[in-house]
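Chemist: Now for the letters of each chain:
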Amino acid sequence: MGFPDRIERTVRTDRPVERVWDAITTAEGLGTWFGQSAEVDLRVGGTATLKWDSGDTARLRIERLEPKTVFGYTWGINGLPEDDPRRTYVEFTLAPDGAGTTVTVVETGFAQLGPDDYGKAFDGNTKGWAAELDELVAYLHG
Amino acid sequence: MADRASEIVAEAVFVALADPNRRAILAALAENGPATATDLATRLPITRQGIAKHLTLLAEAGLVAAEPGERRRVRYHLQSAPMRVAQQFLAALARDWDGPLAALRSHLDDASGS
Numbered sequence: 001m002g003f004p005d006r007i008e009r010t011v012r013t014d015r016p017v018e019r020v021w022d023a024i025t026t027a028e029g030l031g032t033w034f035g036q037s038a039e040v041d042l043r044v045g046g047t048a049t050l051k052w053d054s055g056d057t058a059r060l061r062i063e064r065l066e067p068k069t070v071f072g073y074t075w076g077i078n079g080l081p082e083d084d085p086r087r088t089y090v091e092f093t094l095a096p097d098g099a100g101t102t103v104t105v106v107e108t109g110f111a112q113l114g115p116d117d118y119g120k121a122f123d124g125n126t127k128g129w130a131a132e133l134d135e136l137v138a139y140l141h142g
Numbered sequence: 001m002a003d004r005a006s007e008i009v010a011e012a013v014f015v016a017l018a019d020p021n022r023r024a025i026l027a028a029l030a031e032n033g034p035a036t037a038t039d040l041a042t043r044l045p046i047t048r049q050g051i052a053k054h055l056t057l058l059a060e061a062g063l064v065a066a067e068p069g070e071r072r073r074v075r076y077h078l079q080s081a082p083m084r085v086a087q088q089f090l091a092a093l094a095r096d097w098d099g100p101l102a103a104l105r106s107h108l109d110d111a112s113g114s
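Each protein sequence line maps, in turn, to chains V and A.
Anchor point for the first sequence: position 131 equals 131 in the working numbering, and the numbering is continuous, going up by one each time.
Anchor point for the second sequence: position 86 equals 86 in the working numbering, and the numbering is continuous, going up by one each time.
If you are wondering where the hints come from, they were derived from the structure by calculation, not from laboratory data.
Source: prediction; values computed, not measured.
Errors might be hidden in some of the hints.
A few chain A residues that don't get close to chain V, going by computed Cβ distances all over 12 Å [unchecked claim]:
1. T36
2. K53
3. R72
4. V74
To give an idea of the chain V side of the interface with chain A (calculated C-beta under 8 Å), a few residues [to be verified]:
5. R9
6. V11
7. A23
8. L50
Even for Gly, the Cβ is constructed at its ideal location relative to N, Cα and C.
Extracted from the complex, chain A is given alone in its bound form:
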């Protein structure tokens, strides 16, 4: 996968995860498996309309996919591939080298002053 393509995928994931309701929807799908919008509206403190709006955005980000079914009974399930791409970003960002390198520089300065 090209770098730029991965970055676009990760960006969509971060936008999707920035909203607490969408995180709640993903967590519910992860915990209990595929669910319809109605199931989710029953389980979460989010309106049916809100659920539908968030599911559309999550589907565009590739984080959920609709399983074929009768219109009102369409079930949504998680898709992990975009999350994996985003997770590589988080892992790389979590490894903070700026702190240790600043400490190295001040260690060298201190040692030479004494």
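In isolation and in its complexed conformation, chain V is listed as follows:
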């Protein structure tokens, strides 16, 4: 595993790119598989808002749109305040693969986390760290 400024994942589906494009760019799609509801202003500079029943909300600022090929947005980083200027960039890329589609998602920008967050890491109790590391170990061995 290289130093993770980025996460990259790929998944293949039997569905054609048109279907996948709708799933990742429409309120109906994003509000079904990703959030539990969604509003989407589909244009560069527009906002997509995803909501979960837990009360969590994610605001995506759309940065790149190449129909049926590239959907890119920035969003906030877990654990930072909502108005923090630091955001990660997520890019979905669709590629026809036979009758289906290969979906690649790349999220970059984690390396920008700085010393401020270090302080927050210590704010919680030490049990927080234990839980976090258990998850890390489970992930690494999973």
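Got chain V; can you put chain A on it based on the hints?
Modeler: What follows is chain A alone, placed relative to chain V:
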């Protein structure tokens, strides 16, 4: 910093943090500032020998550094740089894309079946 070098730093941090006593030592240094091994032994339910052993490992991981002083009065303080490197690992790992992508695939399958 090279990727491999960062990974080695992060690995040392995770090993250091895997022990509850070492986490307690780091938390005490973060809360109350630099302290000697004796201070820490007074404050925490850990023996003086245990404190010394853990401080050595934490120093090797770069998480604490000794301030110059008389041998028994050496104070240790936190160093944040390795923690920052490790935190980038945690942030990247916390963003789990496998779940959402599996949900996307099953959403596409369901929609086409109906």
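Chemist: Non-interface claim for A/K53: all C-beta distances to chain V beyond 12 Å?
Modeler: Its Cβ never comes within 12 Å of chain V, the nearest being 18 Å, so this holds.
Chemist: With 12 Å as the threshold, tell me whether A/T36 passes as away from chain V on beta-carbon distances.
Modeler: Holds, since 20 Å exceeds 12 Å.
Chemist: Determine whether the non-interface label on A/R72 survives the test: each CB of chain V must be over 12 Å from its CB.
Modeler: 27 Å, holds
Chemist: Given V/R9 was flagged as interface, is its beta-carbon under 8 Å from a beta-carbon of chain A?
Modeler: The hint holds - V/R9 has a Cβ within 8 Å of chain A, the shortest such distance being about 4 Å.
Chemist: Quick one, is the V/A23 hint okay against chain A at 8 Å, beta carbons?
Modeler: 6 Å, holds
Chemist: Any CB of chain A closer than 8 Å to the CB of V/L50?
Modeler: This interface hint is violated because 10 Å lies over the 8 Å limit.
Chemist: Could you check if V/V11 really has its C-beta closer than 8 Å to a C-beta on chain A?
Modeler: Result: holds, 4 Å to nearest chain A Cβ.
Chemist: A/V74: least C-beta distance to chain V exceeds 12 Å?
Modeler: 22 Å, holds
This entry does not satisfy hint 8, going by the numbered hints stated previously; all others are met.
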